[in-house]
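Engineer: Work out the full structure, taking the sequences as your base and the hints as a guide.
FYI, in the numbering used here the residues of the sequence shown are 52 to 174.
For the record, the hints were derived by calculation from the structure and aren't laboratory data.
Virtual Cβ for every residue (Gly too), placed ideally from N, Cα, C.
Hints are all accurate, no fakes.
Calculated lysine to aspartate or glutamate pairs in the DMTMM-like style (CA-CA distance at most 20 Å, straight line): (1) K125 x E137; (2) K121 x D90; (3) K125 x E71; (4) K88 x D66; (5) K88 x E56.
Distance ranges between label pairs, derived from CB positions: (6) W164 x S59: 38 to 44 Å; (7) N168 x Q132: 50 to 56 Å; (8) T130 x A73: 19 to 25 Å; (9) D151 x H114: 25 to 31 Å; (10) E137 x N168: 43 to 49 Å; (11) T158 x S79: 41 to 47 Å; (12) I62 x E149: 23 to 29 Å; (13) P55 x Q132: 39 to 45 Å.
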Amino acid sequence: MNTPERSSAFILDDDEEKIEYAADTKVSNAGTFTFNKEDHTVGNLLRMQLLRDPAVKFAGYMHPHPLVHKIHLKIQTSTSQVAPAETLSAAIEDLSNETDHLITQVTDAIDKWKKENTDMMGM
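Structural biologist: So, in structure tokens, the structure goes:
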């Protein structure tokens, strides 16, 4: 068949970097990050987290084509004292912390439910 391998959508090639950065030459305090082997899920998640940061003036992403597995994330900060890379790093750290908190809450809720329903489960 003429179908690409499914793994080509998420496994990086040997010569491919996960994230590439290019500073914007026309807009100050801005740059574009290219995320290889990612899609709308990561793009929208990062965009929304970046927009929560008061130092971010603009954050948007583009998925060039459904068969091209990359996204372009553009970030512009409000001052030259904060670089786009710093805001992206902070956004990723915040998302990691939120994920850890969510995992803890779900685990605690499951444990609580199991304790309250041991009689119904036949244990």
